[in-house]
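Take the sequences, apply the hints, and build the full model.
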Amino acid sequence: MIARENAEPESEPDRRAASPAPAPSGHAVLALQRSVGNRATTQLVQRGVWNDIRKLVGASYETTVAGERIIVASKAEEQEAAGIIKSIKDKYGIDISSVRAVKATVDTYAKAPKTERDKVKTAPWLMRELRATERALKHYERILGANRALSTRAGDAQEVVDIGKGNFSITQTNEKGVIDPDTLGEYYRSAKTFAIYTPGENYVQDVGTVEKQLEATIVHEIAHGVMYYALPEFTTMSGYWLDNRTKSGAADAEAPCTKYGQTSASEDLSETMRWYFMLPERLKKDCPKRYAWAKAQAEGWTPAPPKPPVGDFNPPNLPEGVAIA
Amino acid sequence: MSGAADWLALRDLSRAEVEARPGATVAEDVAYERVRGVDRISTPEAHFFFDGDRLRVVYVSDASFGDVPAGPLVDELGRGEVLRSRAGKHSTMHIWPQRGLAASVDEDEERLEFVEVFAPMSLDDYLDGIYEEPAPHLM
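Chains as they are written, first to last, in this note's numbering: chain A, 1 to 325; chain B, 1001 to 1139.
Just so you know, these hints were derived from the structure itself, not from any lab.
Keep in mind the model is a prediction, meaning the values are calculated, not measured.
Ideal Cβ positions, reconstructed from N, Cα and C, are used throughout, including at glycine.
Covered by chain B, according to a simulated footprint, are these stretches of chain A (three or more residues, beta-carbon under 8 Å):
#1 180-191
#2 207-221
#3 259-273
Take a look at the structure:
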């Protein structure tokens, strides 16, 4: 897997779009020329060692951790990235695998032109994306990994097993499909995988900061997987939907919390969970019905602890003279 | 149902006939995509949207008709006009406006997701009067 990922040819425009450690700027080249001379600078740039130079001078650079390309600023961040990837696997049973996320993307859009599908590549993670992934998964911790066996979702296989970073998705599953400049993330049910894409790297919508937005996007994607079981109930509960794809047109139904949630009941559910975890007070105020439903779902994942037995049972063996208070 | 004639036969039903069907329920003053201010009569087979006694559109979903391959309908009518479907990025809307028929196809599984039946019209009239462009996919 790792060798295949590293061996993937990268088209130059995609690489520029994906990486915040791009080719050297004129200013940086001049600075380098002043310190090591023109000839050495030319040779360094031509030999493709720019990433190594960035590392040496303390700028962000691309490295590989657990098979994933990651942009880091220091050795400490390399270690942090390794820790996050391991923690996500250990706690939530999820692999960070951009190769599998890209494969899911390309397989899903099999009817799009090959020239477009060939443009879909893995992209290096930003540290803020890895951190956001870990934070987002924590919201669902009671139904992920080993905890799932203790939850109300115990009987069903986990719906998300891989998460990865790609440069772009594709717009449509037909001959009109082209590279998609808008999609921030996408869940692929048959692969139990979701991908986040480079358009999300600096996107801010309604939660304040890029970091929070990344977390919110991932919360939304996870909901497409782990809350799919609740979609029929949600669709009926809302009154806004006739079925998953069709609005009821009822004027008195509580509307979704975002315009994007009006796309389908499935997007409505994911947007509801996004707000429940990221903007709970706003959801409670704007969409009380959805808030109550989301709260009941999230709080219901872990059954209440069993009540102590009642009735006759043998008292414990206590030393003579000791009484139970 | 899988051929065009089967679907188009739904257009021949009057409001009284639809309301008389077992299990029919009526919701007044609702909407279907761009069609506003209509009454929806839902039966186990389909949802019929009437403006008074005039049928505007019939919506039939796979919840009613089950697993129906898209191939026979597309083979019979051709691909038609192809637009984005509100069913999602993995779906395509095929429209045959002059026939009064449109269908959303799950391109992964090549099956019908829903069908719309309406009076024959031009593509422009369909786009202005029934079709609502889905929002760009973000997440």
